[in-house]
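Sequences listed follow chains A and B, in order.
Per the numbering used here, numbering through the first sequence is continuous, rising by one, with the last residue being 328.
Per the numbering used here, numbering through the second sequence is continuous, rising by one, with the last residue being 160.
Which residues of chain A face chain B? A partial, calculated answer using Cβ under 8 Å:
1. Met1
2. Pro3
3. Val7
4. Gly29
5. Gln34
6. Gln37
7. Glu45
8. Ser98
9. Met100
10. His103
11. Met104
12. Ser235
Just so you know, the hints here were simulated from the structure itself, not pulled from any lab data.
Every residue, glycine too, gets a C-beta built ideally from N, C-alpha and C.
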Amino acid sequence: MQPFTYVPVADAAGAAARALAGAQFIAGGTDMLQLLQENVVQPQELADLNGLGLAGITEEGDGALRLGALTRLQEAADHPLLRERCAVAAEALAASASPMVRHMATLGGNLLQRTRCLYFRDVSTPCNKRQPGSGCSALEGENRHNAILGGSEHCIAVQPSDLPVALVALDAEVLIQGAGGAERWVPVEGFHRLPGDTPEIETVMQDGDIILAIRIPAHATRCRSHYVKVRDRASFAWALCSAAVALRLDGEGRVAELRVAAGGVATKPWRLIRVEQELLGHRLDRDRVRLAAVWASEGAVTRSGNAYKAPLLQHTVERAILELGGLA
Amino acid sequence: MPEPSQNFSLTLRVNGAEHRVAVDARTTLLDALRDRLHLTGTKKGCALGQCGACTVLLDGRRVVSCLMLAVMAEGRQVTTIEGLARGDDLHPVQAAFVEHDAFQCGYCTPGQIMSAVGAISEGRTGSDDEIREQMSGNLCRCGAYTNIVAAVRDAAAREG
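When you get a sec, could you build the whole thing from the sequences and use the hints?
Structure, rendered in structure tokens:
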């Protein structure tokens with residue numbers, strides 16, 4: 001670890017000032033400490049956000065849920081409002097990391113978690129995300145865990161978090177406070193950026209920006225929802241593939257509202273609009289769901305080690321919808 | 001507000017006692033416990049949050065002490081494996097690990113026991129499946145998992 005200074009901050013304005021002066025933020029610290037230990041990041045200063053008091057989950061007047069950015073993953077996973085009205089989020093959180101990490105890691109930090117691409121985490125290898133212009137080692141290297149959707153010739157790193165996949169299915173938004181104090185809402189679906197030719201830019205966050213909260217709209221809380229995560233071992237592993245589904249049927253059992261998103265397979269939480277379109281307005285049956293789920297891997301570009309992810313994605317999406325629809 | 005600094009003089013509250021300790025901003029809670037307070041029961045495995053050997057309780061909740069800066073633990077209550085027994089009387093989870101032979105080399109054992117204490121107090125040890133899921137953050141390279149599950153099940157039943 002390279003030397004750095006540490007400073008706790010008391011409010012968002014103070015935090016923004018530190019960031020504009022070159023500090024990086026630390027909250028739960030579970031990703032930051034790994035990045036520091038492996039010299040992937042070398043901040044001159046860490047500004048501790050834990051004094052900002054942004055924890056807790058509340059219901060707003062219109063029935064939307066507001067999740068404070070400093071809420072710990074385990075607290076959110078256990079919260080009755082989330083378990084009862086946004087099961088996909090509670091399930092995604094409960095399937096994240098280990099119990100110890102869930103007690104430490106924050107919701108805001110989870111949105112900003114860096115990729116687990118082997119080459120990003122290994123400073124002895126080229127990586128365009130870590131060192132722009134140095135090349136992408138994963139394209140022809142060990143890429144079993146890398147993305148089949150949303151990649152570019154410069155980067156095929158997966159955004160590894162489970163929660164944002166669930167949040168896309170829930171039509172959620174992120175509340176960001178800018179360095180000047182102005183607040184803005186960004187849909188989770190538009191929060192992460194495709195790598196393109198600037199894979200080092202991962203989100204729409206600007207210098208001095210701070211995530212204050214996540215908002216799940218009331219209409220999404222009226223959906224039933226579900227998260228399926230497929231991994232190499234039964235627990236405490238990154239998703240090879242995951243599927244988040246939020247569904248509402250009309251009085252005649254037809255699909256009135258549906259959002260489907262995939263994780264573990266793409267460079268950002270991946271909305272599966274075509275799968276949704278195939279099912280909207282129809283009653284769910286096994287054949288229709290299976291045929292719709294085939295569209296999940298539309299546009300996939302596979303590499304030497306990750307071609308298995310295309311059929312895995314189709315089957316994971318199929319399973320998530322069938323389980324949610326009571327057809328599994 | 002305090003100014004950014006590279007060196008800190010902290011008061012860490014560990015196992016009910018207060019310790020004054022000087023640390024670099026980079027010092028993890030794990031290294032402070034082991035190298036400054038000489039509480040070497042907490043083990044260093046991966047230092048990346050992936051093995052669970054360094055599990056301690058922070059304000060009663062399980063955390064991995066390798067992923068926390070010591071400076072961020074000031075004012076919190078830390079409980080390590082050294083803080084479980086009362087004199088010669090082992091904590092029920094410690095006794096259950098001995099009784100069920102729930103270890104071989106023993107390196108992961110302090111973390112396993114701290115994680116089990118946390119899981120039991122959280123009420124998450126209702127079945128063997130739940131115990132396995134809840135203990136999934138604590139790896140055992142000797143593969144003592146079967147006896148670990150038995151020990152946790154037994155300890156949870158005795159405490160319940």
